[in-house]
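S.K.: Place chain D on chain G using the hints.
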Amino acid sequence: KNEVEQSPQNLTAQEGEFITINCSYSVGISALHWLQQHPGGGIVSLFMLSSGKKKHGRLIATINIQEKHSSLHITASHPRDSAVYICAVSVGGSQGNLIFGKGTKLSVKP
Amino acid sequence: DVKVTQSSRYLVKRTGEKVFLECVQDMDHENMFWYRQDPGLGLRLIYFSYDVKMKEKGDIPEGYSVSREKKERFSLILESASTNQTSMYLCASSLWTVGNIQYFGAGTRLSVL
Chain G
1 KNEVEQSPQN LTAQEGEFIT INCSYSVGIS ALHWLQQHPG GGIVSLFMLS SGKKKHGRLI
61 ATINIQEKHS SLHITASHPR DSAVYICAVS VGGSQGNLIF GKGTKLSVKP
Chain D
111 DVKVTQSSRY LVKRTGEKVF LECVQDMDHE NMFWYRQDPG LGLRLIYFSY DVKMKEKGDI
171 PEGYSVSREK KERFSLILES ASTNQTSMYL CASSLWTVGN IQYFGAGTRL SVL
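Just so you know, the sequences run in chain order G and D. No gaps in the numbering here: position 99 of the first sequence is 99 in the working numbering, and each next residue is one more. So the mapping is simple: the working numbering equals the position in the second sequence, first residue as 1, plus 110.
Hints may be right or wrong, so weigh each one.
Derived list of chain G stretches under chain D, where covered just means 3 residues or more per stretch with a C-beta under 8 Å from a C-beta of chain D [as the list claims (entries may be wrong)]: (1) 42-54; (2) 97-110.
Cβ pair distances, simulated, as ranges [said to hold, decoys possible]: (3) T115/D <-> R80/G: 33 to 43 Å; (4) T125/D <-> H69/G: 37 to 47 Å; (5) K123/D <-> I60/G: 21 to 31 Å.
Simulated pairs of lysine-lysine, BS3-like, Cα-Cα distance not exceeding 27 Å [as the list claims (entries may be wrong)]: (6) K102/G <-> K68/G; (7) K54/G <-> K113/D; (8) K180/D <-> K167/D; (9) K123/D <-> K165/D; (10) K102/G <-> K113/D; (11) K163/D <-> K181/D; (12) K55/G <-> K102/G; (13) K163/D <-> K55/G; (14) K68/G <-> K55/G; (15) K102/G <-> K54/G; (16) K180/D <-> K163/D; (17) K128/D <-> K181/D; (18) K105/G <-> K53/G; (19) K167/D <-> K102/G; (20) K165/D <-> K102/G; (21) K105/G <-> K181/D; (22) K54/G <-> K68/G; (23) K128/D <-> K167/D.
Simulated from the structure, these hints should not be mistaken for lab results. C-beta atoms are modelled at their ideal positions from N, C-alpha and C, and glycine is treated no differently.
Same shape as in the complex, but just chain G:
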């Protein structure tokens, strides 16, 4: 079983829809990261969080430490949000190493 599980694997939405991507993990963590990868390869860090909730524009990330679960929400989705969203966790004592989920491929149709 993977230590970081994401769902769904693939997601297709219509422009304007509210989107949720889920991430569950089975190890103790010091932080959880949400990353975005557009076609072509480059990966960008969206959020790093260890508790509660963070918001940036139309993106919201939440984490529940007790349930070992995080969600990434996108409000008023737009075709430019189409990308692969990757959840990753930092494990304490691992000198900055991340354990990655396999990613969620989001496609937003106009």
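M.R.: Okay, now just chain D, sitting in the frame of chain G:
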């Protein structure tokens, strides 16, 4: 802004060739990482380095080696390229602190024929 630069976006090599992938970061980060990314498998750590001349094996080091002679540069070496090393290779860097954000390069898509 942090910049992580990988020397090539696309590379085509022949089986048995020695391949060098170069990565340079400009933010004085202690940690540097090399990953490969394959469909359905996600990102997998090949090697990382937390200081000059220091290296640690990741999850899939077989067939690879690394070099970090200067803090800003981390090289991935395929001693004798094989077709199963065809993949997207991503370099990243971060500060030393556990849990810190990793900054990624644009990736190198390597094809071994």
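S.K.: Each hint should be assessed against the structure and marked as holding or not.
M.R.: Do the hints match the structure? See the list:
1. 42-54: As far as the stretch 42-54 of chain G goes, the hint holds, because 6 residues have Cβ atoms under 8 Å from chain D.
2. 97-110: holds (count 6)
3. T115/D <-> R80/G: 33 to 43 Å: At roughly 25 Å between Cβ atoms, R80/G and T115/D fall outside 33 to 43 Å, so the hint is violated.
4. T125/D <-> H69/G: 37 to 47 Å: Roughly 44 Å apart at Cβ, these two residues keep to the hinted range, so it holds.
5. K123/D <-> I60/G: 21 to 31 Å: violated (43 Å)
6. K102/G <-> K68/G: Since the Cα atoms of K102/G and K68/G sit roughly 17 Å apart, the hinted pair holds (cutoff 27 Å).
7. K54/G <-> K113/D: holds (24 Å)
8. K180/D <-> K167/D: Status holds; Cα separation ~19 Å.
9. K123/D <-> K165/D: holds (26 Å)
10. K102/G <-> K113/D: holds (25 Å)
11. K163/D <-> K181/D: holds (9 Å)
12. K55/G <-> K102/G: holds (23 Å)
13. K163/D <-> K55/G: violated (39 Å)
14. K68/G <-> K55/G: This hinted pair holds, its Cα atoms lying about 19 Å apart.
15. K102/G <-> K54/G: Holds. K102/G to K54/G sits at ~22 Å (cutoff 27 Å).
16. K180/D <-> K163/D: holds (8 Å)
17. K128/D <-> K181/D: holds (23 Å)
18. K105/G <-> K53/G: The given pair, whose Cα atoms are some 23 Å apart, holds under the 27 Å limit.
19. K167/D <-> K102/G: Since the Cα atoms of K167/D and K102/G sit roughly 21 Å apart, the hinted pair holds (cutoff 27 Å).
20. K165/D <-> K102/G: holds (25 Å)
21. K105/G <-> K181/D: violated (35 Å)
22. K54/G <-> K68/G: holds (17 Å)
23. K128/D <-> K167/D: Measuring from Cα to Cα gives roughly 20 Å; hence the hint holds.
Checked against the numbered hints above, the structure violates hints 3, 5, 13, 21; every other hint is satisfied.
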